[in-house]
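*Asks:* First to last, the protein sequences are chains A and V.
FYI, our numbering numbers position 208 of the first sequence as 208, with every residue one higher than the one before it.
FYI, our numbering numbers position 156 of the second sequence as 415, with every residue one higher than the one before it.
Hint data in this document are derived by calculation from the structure and do not stem from the laboratory.
The reader is advised that the hints may include incorrect statements.
[Stated by the list, open to error] The list that follows gives simulated cross-link-like pairs (lysine-lysine, DSSO-like), each with its CA atoms no further than 30 Å apart: (1) A:K51 to V:K279; (2) V:K279 to A:K80; (3) A:K20 to V:K445; (4) V:K435 to A:K81.
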Amino acid sequence: MNEIIPKIELKGLHKRFGSKVVLESVDLTVMPGESMVIIGGSGSGKSVTLKCILGLLYPNGGSIKIDGTEMVGIGADERKKILTKFGMLFQGAALFDSLPVWENVAFGLLAQRLCNRKEAKEIAIEKLRRVGLSPDVGSLSPAELSGGMQKRVGLARAIAANPEIIFFDEPTTGLDPIMSDVINELIVECVKDVGATALTITHDMSSVRKIADHVSMIYHGNIIWTGPKDEIDHSGSDYIDQFINGKAEGPIKMEILRG
Amino acid sequence: MNFLAVIGRVTISFLQAAGKIGIFAVNGVRHIFTPPFYPRELWRQMLNIGYYSLPVVGLTTLFTGAALAVNIYEGSSRFNAESTLPTIVVIGIVRELGPTLCGLIVAGRVSASMAAELGTMRVTEQIDALVTLSTDPFKYLIAPRILATVIMMPFMLVIVADTIGVLGGYLLATTKLGYNSGSYIKSTIDFLEAIDVMASMTKAAVFGFFISLMGCYHGFNTRGGAQGVGISTTNAVVSACIMILLSNYVVTEMFFSS
Chain A
1 MNEIIPKIEL KGLHKRFGSK VVLESVDLTV MPGESMVIIG GSGSGKSVTL KCILGLLYPN
61 GGSIKIDGTE MVGIGADERK KILTKFGMLF QGAALFDSLP VWENVAFGLL AQRLCNRKEA
121 KEIAIEKLRR VGLSPDVGSL SPAELSGGMQ KRVGLARAIA ANPEIIFFDE PTTGLDPIMS
181 DVINELIVEC VKDVGATALT ITHDMSSVRK IADHVSMIYH GNIIWTGPKD EIDHSGSDYI
241 DQFINGKAEG PIKMEILRG
Chain V
260 MNFLAVIGRV TISFLQAAGK IGIFAVNGVR HIFTPPFYPR ELWRQMLNIG YYSLPVVGLT
320 TLFTGAALAV NIYEGSSRFN AESTLPTIVV IGIVRELGPT LCGLIVAGRV SASMAAELGT
380 MRVTEQIDAL VTLSTDPFKY LIAPRILATV IMMPFMLVIV ADTIGVLGGY LLATTKLGYN
440 SGSYIKSTID FLEAIDVMAS MTKAAVFGFF ISLMGCYHGF NTRGGAQGVG ISTTNAVVSA
500 CIMILLSNYV VTEMFFSS
């Protein structure tokens, strides 16, 4: 019987900055088509985990496999090829100010020479429509858009090349509750549309309940719990209970100096 | 002992910085010659660096040429050598003031803008976004900026700076100091040699390289938020100006040292 190869597999991932250890030993498996959400407090290592997977940061130890291919230590060309499988929605959308909205959406298509500019524009307009934006938004500059619209453009850019894996970095941060829900629904629909595997990092529990199939919690550089979304309320972990209920009292101690 | 330790630390950090800038420069230049190329981005940079710097470069050199003519006239009249004015103006502008002033002005305008733009892109994760979109930031951001500056400095800005600087001297000399227009132009052309123009353009290309290198290096390596962008911008302008003045001496020695 053929064993299904995980889409993303982290083993003993270790990252430190100087003497400060951010990731101690992260183990995580994301299966194809699954939507995994990593939760954890600020500074717990969520963003660093994503950046290590994408090669934006080099891990100090451990293994990162994408479709069974080891990413740690591979050459730039090989990494670039594997990165074509990815789409990413950044926390602040990270749209390019110097380009109009449609070119932002089509950037990956043009960079990978997947089509000419005319076709890329048509795809960009279609993707903008998919995230609820009218075609005339395409000619605007990113600076002319509201925060919610920028997130939608970022989402359109993330799905433009129909990636196999999509990362969402704090997708609802800075948005009002209604816009957050709109973005969450779009994420679910778009991921389903392109049939992608999704990895989201957030501390917004409404996002977790809407987006996730599985949830992992990271604390002090280690994954301390992983399970299906439905089990999160009965995890038996005091850490999870404290986090999802947002209580100050519990095993998770925030580094706050009190006067 | 402490004093020696301080000297050692400063020396090591200076060498580390020089090494990092050297590696950055080699990477930037290497990506100019290896595909994929981004002609649209190159054109955008050429327009921004060359065309939009023309007014400030032209104005500065026009008045500098005029001021130089006044100074030379005053100085040379003390020993009845007023006829040397056109020669000294043209050599002074073409060999020295045209490229150096143009370099310093472009350093203030372009190096700062590159550092601020790339620094903002760094702190807002736009450079990370480029990587996730399978685009090498060195190819898309750094190589076009270096190439555009190295092309536009000698082939547009310094040619204009030299011409307008000489024109400034000519206008002042013919309208205020009573020089004959025809003989002024003849003296200017007769005494200007090809090597003067070559030195001017070589200096411009070298200055252009350092202006873009410092702007890109400091912007690309920005850390922190708005304050980090401010620090990068300041460092880019200061280091570009130092490199311009330093390399100006080296190139002058190369061309004119007997």
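*Asks:* Taking the hints in turn, state whether each one holds.
*Replies:* Going down the list of hints, with the structure as the test:
The hinted pair formed by A:K51 and V:K279 meets the criterion: a straight-line CA distance of about 23 Å does not exceed 30 Å. With a C-alpha separation of about 24 Å, the suggested pairing of V:K279 with A:K80 holds against the 30 Å cut-off. Restraint check for A:K20 and V:K445: not satisfied, since their Cα atoms lie roughly 71 Å apart, outside the 30 Å limit. Straight-line distance between C-alpha atoms of V:K435 and A:K81 comes to about 68 Å, which puts the hinted pair past the 30 Å bound.
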